[in-house]
Each structure stands twice: as C-alpha cells, then as structure tokens.
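> One letter stands for each residue in the lines below.
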Amino acid sequence: MKALYKKEMKSYFYSPIGYVVVGLMLFVFGLYFWLGVLRSYSSSYIPQVYQAMLIWFMMIIPIITMKSFSEEIHNKTDQGLLTYPIGVGTVVMAKFDLPRSIPPTTLLGSLIPVVIMSFFSSPAWPQILGTVLGTLLYGAAMVSIGIFISSLTKSQIIAAMGTFGVSILLLLIDSMASSIQVTFLANLLGWISFTSRYQPFANGILNISSIVFFLSVTAVFTFLTARKVESKRWS
Amino acid sequence: MIEVKDVSKRYGENVALSDINFSVGENTVVGFLGPNGAGKSTTMNIITGYISASGGSVNVGGYDTLDEPVKAKKLIGYMPEVPPLYQDMTVDEYLNFVYELKKVTLPKKKHLNEICAVTKTAEVRGRLIGHLSKGYRQRVGFAQALVGNPPVLILDEPTSGLDPKQIKEMRGLIKELGKNHTVILSSHILPEVQAVCDRIIIINKGSIVADGTPFELENGSLGAHTITVRIDGETAEVGKALKALNGVKSVRAAGEKEPGVYEYEVSQESGADVRRAVFSTAAAHGWPILAMSNGAMSLEDVFIKLTSASYAKSKELPQNAGEGGDEE
Numbered sequence: 001m002k003a004l005y006k007k008e009m010k011s012y013f014y015s016p017i018g019y020v021v022v023g024l025m026l027f028v029f030g031l032y033f034w035l036g037v038l039r040s041y042s043s044s045y046i047p048q049v050y051q052a053m054l055i056w057f058m059m060i061i062p063i064i065t066m067k068s069f070s071e072e073i074h075n076k077t078d079q080g081l082l083t084y085p086i087g088v089g090t091v092v093m094a095k096f097d098l099p100r101s102i103p104p105t106t107l108l109g110s111l112i113p114v115v116i117m118s119f120f121s122s123p124a125w126p127q128i129l130g131t132v133l134g135t136l137l138y139g140a141a142m143v144s145i146g147i148f149i150s151s152l153t154k155s156q157i158i159a160a161m162g163t164f165g166v167s168i169l170l171l172l173i174d175s176m177a178s179s180i181q182v183t184f185l186a187n188l189l190g191w192i193s194f195t196s197r198y199q200p201f202a203n204g205i206l207n208i209s210s211i212v213f214f215l216s217v218t219a220v221f222t223f224l225t226a227r228k229v230e231s232k233r234w235s
Numbered sequence: 001m002i003e004v005k006d007v008s009k010r011y012g013e014n015v016a017l018s019d020i021n022f023s024v025g026e027n028t029v030v031g032f033l034g035p036n037g038a039g040k041s042t043t044m045n046i047i048t049g050y051i052s053a054s055g056g057s058v059n060v061g062g063y064d065t066l067d068e069p070v071k072a073k074k075l076i077g078y079m080p081e082v083p084p085l086y087q088d089m090t091v092d093e094y095l096n097f098v099y100e101l102k103k104v105t106l107p108k109k110k111h112l113n114e115i116c117a118v119t120k121t122a123e124v125r126g127r128l129i130g131h132l133s134k135g136y137r138q139r140v141g142f143a144q145a146l147v148g149n150p151p152v153l154i155l156d157e158p159t160s161g162l163d164p165k166q167i168k169e170m171r172g173l174i175k176e177l178g179k180n181h182t183v184i185l186s187s188h189i190l191p192e193v194q195a196v197c198d199r200i201i202i203i204n205k206g207s208i209v210a211d212g213t214p215f216e217l218e219n220g221s222l223g224a225h226t227i228t229v230r231i232d233g234e235t236a237e238v239g240k241a242l243k244a245l246n247g248v249k250s251v252r253a254a255g256e257k258e259p260g261v262y263e264y265e266v267s268q269e270s271g272a273d274v275r276r277a278v279f280s281t282a283a284a285h286g287w288p289i290l291a292m293s294n295g296a297m298s299l300e301d302v303f304i305k306l307t308s309a310s311y312a313k314s315k316e317l318p319q320n321a322g323e324g325g326d327e328e
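As you go down the protein sequences, you meet chains A and B in turn.
The first sequence begins at 1 in this note's numbering and counts up one residue at a time.
The second sequence begins at 1 in this note's numbering and counts up one residue at a time.
Take the hints with a grain of salt, since some may be wrong.
[To be verified] Restraint ranges, calculated between C-beta atoms of paired labels, are given here: (1) Asn294(B) with Asn75(A): 43 to 51 Å; (2) Ala122(B) with Tyr14(A): 21 to 29 Å; (3) Ile158(A) with Asn27(B): 26 to 34 Å; (4) Lys103(B) with Leu215(A): 25 to 33 Å; (5) Leu215(A) with Asp64(B): 50 to 58 Å.
[To be verified] Here are the simulated EDC-like pairs of lysine to aspartate or glutamate, each with C-alpha atoms no more than 20 Å apart in a straight line: (6) Lys71(B) with Glu100(B); (7) Lys102(B) with Glu8(A); (8) Lys232(A) with Glu68(B); (9) Lys6(A) with Glu93(B); (10) Lys154(A) with Glu68(B); (11) Lys76(A) with Asp88(B); (12) Lys71(B) with Glu230(A); (13) Lys103(B) with Asp78(A); (14) Lys6(A) with Asp174(A); (15) Lys6(A) with Glu100(B); (16) Lys2(A) with Glu100(B); (17) Lys2(A) with Asp92(B); (18) Lys10(A) with Glu100(B); (19) Lys76(A) with Glu81(B); (20) Lys76(A) with Asp64(B); (21) Lys232(A) with Glu93(B); (22) Lys232(A) with Glu81(B).
Since the hints were derived computationally from the structure, they do not count as laboratory data.
All of these numbers come straight from a predicted model, not from anything done at the bench.
Just so you know, even glycine gets a beta-carbon here, dropped at the ideal spot from N, CA and C.
Next up, chain B with everything else stripped away, as it sits in the complex (with noise of 0.2 Å):
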C-alpha cells in the first residue's frame, strides 16, 4: 500500500533523511518510533505530500505522489502533530469543509455522524474549535483525517494531549481501523506504540535502525540475550553442565539467593533458545529449577540502545570493516 524507496531528505548542509526504505501492506499498524529530530515526522510530511523528498519515491496505493499527487493524496488522511484547524469554526463546519475539500462522495449526514461517534466528537459538534479543550481538538484533528475514509491513515503523535481514558478508547480505535487500514502512527510512548502496532520501525538520526514486530524487536534482534535460572545443585557442576549446551556463549554464577541455591545467568547465541534444554539438563541430573525468567530486553531497552551514540558508532565499525577487507 506504502512504499518508501531510497527516500532522503536535506535542508542546505543538513541531513534529515537518509535512503530510507521500507514498505507497508494493507490493514497493517505500523508505529515509528524515534528521539526528537529523527525524522519522523519529515517522513510523514513527506509521505502525505506536504514537502517533497530530496531524493528518491513514494507510492501510496499505486500512485507516485510526485507525479500523481492528488490520486495519492486521496487515499491518505493525515493528522499532522498539530492538527490542522480553524479556530473560527465550529467542528460541524469544520467537518463539512473536509468533506466537500476531499470530494467525498459517501452520503454526508451518515457518514460525518458515523465520524464524531468513533471520535466521541458528537457532543462538541456546535462548539467553535477555538473554545475546545487540547484533547477535543487532538480528536477533532482525528476525525478529519477519517473523512472519506481513506485507506491509508498517517497520524503523527494521535494521542498527544489526551487525558489516560481517552488514549486508552484511542488505542482501541487505532487497534480496530487497523484491520481493514493502512496505518502508520508516530509516538514517543513506547508502551503505546507495543500496544497498539503490528511493526515497529525505529529511525535515529534520519536512519532506519530497526524494523520489526514488537516480539522479534525483544527477542535476540540485538545480539545475544540472556536468561536467569535458580537452579538447586552443586554451583561447579552447574555451571559446566549448562556451559556445555549447545546455544550457550556463557554461565555466569549470579550469587546464592536461598541457602544452597545459585543462580545463573546463561547467555545465548544470536536466535538461540536454551530454556527446553537447561531444563531438560537440570532434570536428568536432578537439579531442581526454582525460578527461569527469559531475560529479552524490553522494547525500551530496545529503543535506547538502538538510539544511543555508542551503539550507532558501533554499527559503524563492523561496516568499515568490511569495506576495508573489500579494498583488501
């Protein structure tokens, strides 16, 4: 449905976007997630067509934004992060200006009334915008972009302003156009964004650095993981044993945590699981397990290793090294 190719983007020297790629079928919730400045929502602007790319394509729906902007367009509703209104007008105007700007060509009465109900707008509908509150107008700025009902919504920060029930009925309503939209949401809360999307695609610095769903971001997308055992037995002997399955990298003894009992921090090979087989070990000795907990790395562990400095310098490095053994 989205298709982002080799996307850049420049202001003079500097560089907000850099060969983005990625892709986005139907009835997908895509969150992007990233630190301040990372391009998020130049990628959005870019992607509805309210700035152009320096370099590369977008197709949305099967039209080229750049050469058929308003096919393009047409299929997107975007709520930018500070949603598009007119304080002058009261939300019934405003809705019914989208709608005759869009062209919509759904029986109007119905489908503005179906609008405010799932944005729980109806109540404020004769209120001028101006006199709404922060989170009236966050949704507001929502219901506009459903005017049409275009396949493709595009919401920089949705939730922004809202009070804790209203992002929960939000989430739940993002959730539920996502089965048959193409949604692709930005947001800084990273329990919302595990919430709610399907995939994940962290940017730092102008850069996809992830891209994943929220389980394969946790587990093992980094590097080795490690898992805690508390195993009942004989320290030395523990430890050799789990040393020696097959997906272990190394056994470190964690302290003894109740008389007699030690545990273990066991990590693991990129993709390895070892949880069957430290069990099964653990039994056939006759060690009895007290606690495994799989250590996966939250998704906001996750997020601040992949956007910390030190990381994006060690991403450098392997790659400097290849191009050097190439020259080689």
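Extracted from the complex, chain A is given alone in its bound form (with noise of 0.2 Å):
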C-alpha cells in the first residue's frame, strides 16, 4: 500500500499535472479572493469564493484521475500489479488515495489567508468550514466517479472527458429537474442532485443526510472500481 502511494506520488510529481493542479487552484483561489474579499475590504465574502471554487474543483478533477488506471491499462502495468502478491483492494485503495489528497492539501493551503484575516475580522467561519467539508466530500465523490471512469478505458482524454461530462451533468442537474414535468423524475434528480445535497454544507449546516450521501456514492464507486479491475480475470 505505501509502496504503491509512494509511486503514485512520484508519478503526479515528477510529471507537471501535480503542481500544474495545485499551483492553478491556488492561483484561481488566490484571484477570487483578492477580487471578492481584499477589494471589497469585507469578510463576508470568503464563502462564496469557496462556493466558486466548487466550480473550479469540478473542473480539475478529471485531470487528476484520468491517469489512475487508464495509464496502466494502456501501459499494461496493471499486469504487474495483478500478479503481485496484493489484493485487488489494496491495488484500488491506492490509487484513490493521492487524487483524494490533493482537494483537501489545496483547500488546507487556502485557508491560509482567512486564518490571517480572523486576526483583523470576524470571518463567517460555519459558512467557511462547511463549505470546505462540503467540497471535501462533494470532490471525494466526484473523484471516486473520475478513477471508476479511467478504470474503464485505457485512453486518458476519453477517462478526462467522461469525467468532465459526467461533472458538468452533476452541476445541471437542478436545471434539468426543474424543467421536467414528469413529478417521479424530477424528485428523482433532485435526489441524486449533488448541488443540493452541497448547499446545507454551504449555509454552515453539517447536514448528516448529506455526508452519508457523498460518503456513499464514494463507496459505491470504489467497490464498482474494484469489480471492475478484478473483471479483467473473469473476460
């Protein structure tokens, strides 16, 4: 396990994609935040601008997966990896481990600023945490979804682009379910709506409901990733 951490490590740093991912998250965050808060001299403002960086995080994310397994697919490493004496599991768990590091390492480096600003104002700090926990667990979902997607192909831009599809889908959802007449169905995309299971996390609630729901679609799509890497030996 802490072998296969390690080089998955080595793989997103010794390649641009980890800084290239990191450093223009914390770029982007850094400019909403000069634009949004130092310009507008107020505090109340730093929840949105992790609200927008929801947004960003949606984006980024099918960077940061598409490689997991499409890349050993198509390099044939994953032979390597499934005549090793590990399990299946260990294998999958690894590779989850570093993209589902990388949301909370950027937001961790984001919240520098606020914590600086707290000695000059009083931040709306249930807003801002639950809007971090809420990206935290809305971006392991999404993350979980992105390296079932790569173990899918072994062509990382169809991995990227599924992702990315699949993100944007997540996003519109409440638009779509709005305009469907259809009362089964629409209750039925609200329900799976991520946007709306984010918005609680995003007015400072810890909506329990919510977190079950993020932490389950994470499960689910970890062990469909595992299924779907041990069918390889039932093809």
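Both chains are given apart, each in its own frame, so use the hints to dock them into the complex.
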C-alpha cells in the first residue's frame, strides 16, 4: 500500500500534473479572494469564494483522475500489479488515496489567508468550514467517479472527457429537474443532485444525510472500480 | 510445484484453451511451444492469476490460485510478454518498488545488487526506464520477476528483443536458474527451447499436442521414423536382408550414391531402433557400411507436423473411429 502510494505520488509530482493542478487551484483561489474579499474590504464574501472554487474543483478533478487506471491499462503495467502478491482492494485503495488527497491539500493551503484575516475581522467560520467540508465530500465523490471512469478505458483523454461530462451533468442536474414535468423523474433527479446536497454545507449546516450521501457515492464507486479491475480476470 | 488440471478458457464463443492438463515438478525448465494464438500466454496468465480460467484449477506450491491467490502469487515471479515497466521510474526505483510491493524480507541492498548483477542491469540502475533500449527493458522485466527469489519463474518470451550475445547470456541464466527454480518459458525460437528446456509442451489451438523431453519428441513419438544407411553390396540381397530384420517396416533403395554403393531408407516401427541389427547383418554378409544416419525428426519438423492442420485432422480421425467402435 505504502509502496503504491509513493509510486502514485512520484508519478503526479515527477510530471507537471501535480504542480499545475495545485498551483492553478491556489492561483484561482487567490484571484477570487483578491477580487471578492480584499478589494471589497469584507470578509463576509469568503464563503462565496469557496463556493466558486467548487466549480473549479469539478473542472480539475478529471485531470487528476484520468491517468489512474487508464495509464496502467495502456502501458500494460496493470499486469504486473495484478500478478504481485497483493489484493485488488489494496491496488484500488492506493489509486484513490492520492487524487483524494489533492483537494484537501489545496483547500488547507487556501485557509492560510482566511486565518490571517481572522486576526483583523470575524469571518463567517461556520459557512467557511461548512463549504470546505462540502467541497471535500463532493470532491471525494467526484474523484471516485473519475477513477471508476478511468478504469473503464485505456485512453486518458476519454477518461478525462467522461469525468468532465459527469461533472457538468451533476452541476446542471438541478436546472434539468426543474424543467422536467414528470414528478417522479424530477424527484429522482433532485434526490441525486450533488448541488442540492452540497447547499446545506454552504449555509454552515452540518447535514448528516448529505454526509452519508457523499460518503455512500464514494464507497459505491470505489467498490465498482475494484469489481471492474477484478473483472479482467473473468472476461 | 505447478499443477494445471482440466483448465479451459473461453472468450464468448471462442475457445482459447480446451481442458489442458499438465504438472511441473521442482527444479525443471519447461518450454511452451506453439504458433501465435495457440494459448501459451493465456496459460501463463492463468497460472499467474492475471486472468481466471473458465473451468478447471491451477495449484502452485500447494495453493489454489483462485482460493489463495496472494499465497500462490508469492511463489511466482512473472515476466509477461510486455514487461510491466513504469517509464517515469529509474531502474533502481522500479526494483525497490517491486521489492516493497512483494513484501520481500531478504536484505534489500544485497538482494537487489545480486539481481542487477545476474541480469546485467547494474550499469543502468540510475537511468529512467523510458530511456532504455528494448534489450535493457527486457532485462529489467526479467529482474523484477526475480525480486523476492520466488521458486517459480514464468517467462513469456524472455529473449524477445535481445541481441544474439544477450540471448546466449539469458539462456545460460535461465538454465542456471532452472537448477533450483521451476521455470516455465514460452518461445518461438525452437533451438532456444531445445537448448534450455528439460521438457517441452507443444500447444496448438488451445490443446496440448505433445509433452516430453526434446529427445522424446525428436525420436519416435510421432510414429515410425527412418534411418539412412549406405551399404556396399548386391542391392536385391541387401534389401531382402534388411527387410527381414525385426522392427523394420519397409526398405527403400534411394539410388546408387557411389559406384556399386546404394543408399537405403529403412523405415522402423514405432519405438524400434534397428541400427545395431543392420550393422550385425551387414557384417555377417561382408557388406561394408559406408555411412549410417539416424533419421530422427528435428524439433522443427516435429513442431511443424504437430501444429499443421492436416496433422490435427489426422489425430481426430482415429478418435472418431474409436468412438464409433464403442457404439457398436
């Protein structure tokens, strides 16, 4: 597990991907923070900055998940991993760890200016921390979906486009639900809407059902990925 | 050490392996021979647990690869046809990665140094795998299979991409490893299999069509074979005397090769060796033998014969006839 995690870490940070992702996110955060908070001299806009960051996270997640399994399948290195004396579960969990740890690392970095600002004003901590937690949970679910899509194809481009498509769909699902006349379908779309599940966090509310929902989505797609990787043995 | 029992593999309608059975003991080098698509790599992938069989079972060192995959895999070092190498790692990083992944308990530095020395990869340990030549990548692929010193080595075309000198070295290394490892290797190069392997299994269209030592395959396993003898003597009498020998199926005069000296092709019955009897008969009649050669089939001939469509068809006929007889 540790060896695989180290290998994943190297593959992200030996290539520009890791630096570009973290750097770009912090840059975008800085830009929003400067435009929304520093120029208006008001810490009350900080939660909105984090809400805007969610969209950017959704755009960046396809890039951090696209190579997870696609690259292994393309280079046939999965044949090595699956014939070493380690379980499929270990391989899959190690693949999930690093992409899942990039959003929290970035968000932790982004909290530094907020903490500094708290010495001079009173930021709305419940909303800020709620938004950060919501982003982390939403991000973890999206990372799981992205890695699952990556396990379906040997093309990194297709994996990235597929995850990107799902991200867009999930961001638009609320508007789709409101325009559908069939009540059952509208309710179903509303139920699976990530955005409406995320909303309580943005309001500073620790919504247990939303936490369970995001954690369940994460677990289901982790499980599906393990089954997909193992299915090679049964094809 | 390895027991493959009634293993079959189907991809939809396509049958890749059809109920194959064989077992391999300790310290043996077994060569898999077969044309492309015969099922060699599929068999290797099933033994290593990369893919599952549609039916049957594989046991490695007492562990069923399906019930106890991790324990079985611990005993296997596998080098697939395309070595599973990470281009962005150096050779040293890669071998350390494999060492940790396999949870090897041997002293790390010493063990990896030994592997690099035997696979001759020590000089490229600091280089990125993506920058290595095909030959070096192949050797790094072989090195990763040796990490942990597993008792079973499964090598899918291990000399592919190597130059003649490297091929010779690799063959020597495999032969050396075969003294205290169970090695299964596949190859298209018949002299290689002949030079390295104690036993050869020929696979064709998903079935095992021959299994034996190189000597057994070359001599007599495919029915009668022929010896060629050049005798100085009266043709009709020589032919008659040779025909009368036990174990001789037929004699054919192949023409006058020297003045008054004829060559005869003596077809023997399965399992018979009439060379000594030919010598004694010729000596008793006072006919000098000027040349005699064993007409055993080369491994190449055996391979071509066993994997040809007409042979596969001819093998089916007696079976069908037998089934018909049973019904009667």
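> Please go over all the hints and tell whether each is borne out by the structure.
Now for the hints, and whether the structure bears them out:
no.: 1; hint: Asn294(B) with Asn75(A): 43 to 51 Å; in the structure: 49 Å, holds
no.: 2; hint: Ala122(B) with Tyr14(A): 21 to 29 Å; in the structure: 23 Å, holds
no.: 3; hint: Ile158(A) with Asn27(B): 26 to 34 Å; in the structure: 47 Å, violated
no.: 4; hint: Lys103(B) with Leu215(A): 25 to 33 Å; in the structure: 30 Å, holds
no.: 5; hint: Leu215(A) with Asp64(B): 50 to 58 Å; in the structure: 36 Å, violated
no.: 6; hint: Lys71(B) with Glu100(B); in the structure: 16 Å, holds
no.: 7; hint: Lys102(B) with Glu8(A); in the structure: 17 Å, holds
no.: 8; hint: Lys232(A) with Glu68(B); in the structure: 18 Å, holds
no.: 9; hint: Lys6(A) with Glu93(B); in the structure: 11 Å, holds
no.: 10; hint: Lys154(A) with Glu68(B); in the structure: 29 Å, violated
no.: 11; hint: Lys76(A) with Asp88(B); in the structure: 14 Å, holds
no.: 12; hint: Lys71(B) with Glu230(A); in the structure: 17 Å, holds
no.: 13; hint: Lys103(B) with Asp78(A); in the structure: 18 Å, holds
no.: 14; hint: Lys6(A) with Asp174(A); in the structure: 39 Å, violated
no.: 15; hint: Lys6(A) with Glu100(B); in the structure: 11 Å, holds
no.: 16; hint: Lys2(A) with Glu100(B); in the structure: 8 Å, holds
no.: 17; hint: Lys2(A) with Asp92(B); in the structure: 17 Å, holds
no.: 18; hint: Lys10(A) with Glu100(B); in the structure: 15 Å, holds
no.: 19; hint: Lys76(A) with Glu81(B); in the structure: 10 Å, holds
no.: 20; hint: Lys76(A) with Asp64(B); in the structure: 25 Å, violated
no.: 21; hint: Lys232(A) with Glu93(B); in the structure: 28 Å, violated
no.: 22; hint: Lys232(A) with Glu81(B); in the structure: 17 Å, holds
Hint compliance for this structure: hints 3, 5, 10, 14, 20 and 21 are broken, all remaining hints hold.
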